[in-house]
Amino acid sequence: MNTAANNPARNTKIMNRFDVTSRLVAKLKNDEAVVGGIGNTNFDLWAAGHRPQNFYMLGSMGLAFPIALGVALAQPKRRVFALEGDGSLLMQLGSLSTIATLAPKNLTMVVMDNGIYQITGAQPTPAAAVADLVAIAVASGLTNSAWAADEEDFERLIEQSMSASGPTLIGVRIDDKPGTGATRRDPVQIRERFMHGMGVREPL
Amino acid sequence: MAVAEAHTSPQSAQEKTWHGIVLEALKRNDIRLVPYVPDRVLTTLIKNIHADPFFTTFPTAREEEAVGIVSGAWMAGMRGAVLMQTSGFATLANILASLAIPYQIPLIMFVSERGTLGEFNYGQSLVCRTMRPVLDSLAMEHHTCTRLDEFEFIVDRSIKQALTTQAPVALILSPLLTGGKVFDK
Chain A
1 MNTAANNPAR NTKIMNRFDV TSRLVAKLKN DEAVVGGIGN TNFDLWAAGH RPQNFYMLGS
61 MGLAFPIALG VALAQPKRRV FALEGDGSLL MQLGSLSTIA TLAPKNLTMV VMDNGIYQIT
121 GAQPTPAAAV ADLVAIAVAS GLTNSAWAAD EEDFERLIEQ SMSASGPTLI GVRIDDKPGT
181 GATRRDPVQI RERFMHGMGV REPL
Chain B
1 MAVAEAHTSP QSAQEKTWHG IVLEALKRND IRLVPYVPDR VLTTLIKNIH ADPFFTTFPT
61 AREEEAVGIV SGAWMAGMRG AVLMQTSGFA TLANILASLA IPYQIPLIMF VSERGTLGEF
121 NYGQSLVCRT MRPVLDSLAM EHHTCTRLDE FEFIVDRSIK QALTTQAPVA LILSPLLTGG
181 KVFDK
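From first to last, the protein sequence lines stand for chains A and B. Note that my numbering numbers the first sequence so that position 189 is 189, with each residue one more than the last. Note that my numbering numbers the second sequence so that position 99 is 99, with each residue one more than the last.
Some clues are possibly wrong.
[To be verified] Below are the DMTMM-like pairs computed for lysine to aspartate or glutamate, each with C-alpha atoms no more than 25 Å apart in a straight line:
| # | chain 1 | residue 1 | chain 2 | residue 2 |
| --- | --- | --- | --- | --- |
| 1 | B | Lys160 | A | Glu202 |
| 2 | A | Lys77 | B | Glu152 |
| 3 | B | Lys160 | B | Glu119 |
| 4 | B | Lys27 | B | Glu152 |
| 5 | A | Lys77 | B | Glu15 |
| 6 | A | Lys177 | A | Glu202 |
| 7 | B | Lys181 | B | Glu15 |
| 8 | A | Lys77 | A | Asp186 |
| 9 | B | Lys160 | A | Glu159 |
| 10 | A | Lys105 | B | Asp52 |
Hints are computed from structural coordinates only; laboratory data are not their basis.
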């Protein structure tokens, strides 16, 4: 299990999804949008403390970055974060090139990479032992992409991204732990609260 | 009835084209974001949308991606529509069922219909047969547009209905309307 974690080519610390998600959320002071991909990625976003600017996906594996791109295009003055798993990103590698072409400077993407489909039984992804998702992002045109070496480096990269001149992608090597919480699965409520958080609608 | 190819210049009042009607209806309803996966039949529409600074338009690698983008944009206050062909629609069942419908997102899709009325590719004709059963199984609003004289009514009313009811709609552009794609070699 977790063969990629033992890949010596990646000189990065194995971190924890809930811990780095909490570190990100703690830095948000300006109603930044956060889009959480399916499963553990949005469970940990939920567990880090619900905010109306969070959007939680319930299906549509691989669409966290495209949804976040849409938010970033609609509101260029708002910082938009997207949290995606490595397995999910493998479903939509083409979206990296779309984002690189549009180059929204208000978009920060985080890839939580444990090399496994944790939620379905921790099977390794086809990429786990052979592919480097940050290198794929760079080759897709997202030149401002990097692995976080450790938690401090992750926080530094997040802060850097907030004033970057183009989109940022941050790879985080994580352990094989499941998500910490469980998002309340009410898609209409999730969407309506997110629209309140985006200032598009007033609460009833 | 190659209406599509006959008029490529900007639309005039007396000479309406199907693609001119789409472009004007998008503008009238403040739909600015138009990601697409191209189709031969959509060429003129795509070219004209690119030429109009009102629109933000670009290709995506997959139709799913385009749906994700317009969904995020709509939730953040910017309206969008997606252009695709029949085989592209066939890739969407999972995200229609897990994103657009349950989150009540007014996803507006223009689908250039391949696979019928002179199709030359057997695969296209087979995948075309999956489109309406998928739309019907999800109880999605859809119209097959065949006539230029009723096209503006269908497009404008369908866009408004999608936005006000927060439900997706698929407007299927029949070869009867567009001329379709013909075997040419």
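Evaluation of the provided hints:
A C-alpha spacing of about 21 Å is found between B:Lys160 and A:Glu202, which places the hinted pair at or below 25 Å, so the restraint holds. For the hint linking A:Lys77 to B:Glu152, the alpha-carbon distance of about 35 Å lies beyond 25 Å, and the restraint is violated. Among the hinted pairs, B:Lys160 with B:Glu119 is inconsistent with the structure: their alpha-carbon atoms are about 32 Å apart, more than 25 Å. A threshold of 25 Å between alpha carbons decides the hint, and for B:Lys27 with B:Glu152 the separation of about 13 Å falls inside it, so the pair holds.
Taken as a hint, the A:Lys77 and B:Glu15 pair is broken in the structure, with Cα atoms around 41 Å apart against an allowance of 25 Å. Of the supplied pair hints, the one linking A:Lys177 and A:Glu202 is violated, its CA atoms being roughly 38 Å apart against a limit of 25 Å. The straight-line distance between the Cα atoms of B:Lys181 and B:Glu15 is roughly 22 Å, inside the 25 Å bound, and the hint therefore holds. Distance restraint check for A:Lys77 and A:Asp186: the Cα-Cα separation of roughly 28 Å exceeds the 25 Å cut-off, and the hinted pair is therefore not satisfied.
Between B:Lys160 and A:Glu159 the alpha-carbon distance is near 41 Å, which puts this suggested pair outside the 25 Å criterion. For the proposed pair A:Lys105 and B:Asp52, the alpha carbon gap of about 23 Å is at most 25 Å, so the pair holds.
Checked against the numbered hints listed earlier, the structure breaks hints 2, 3, 5, 6, 8 and 9; every other hint is satisfied.
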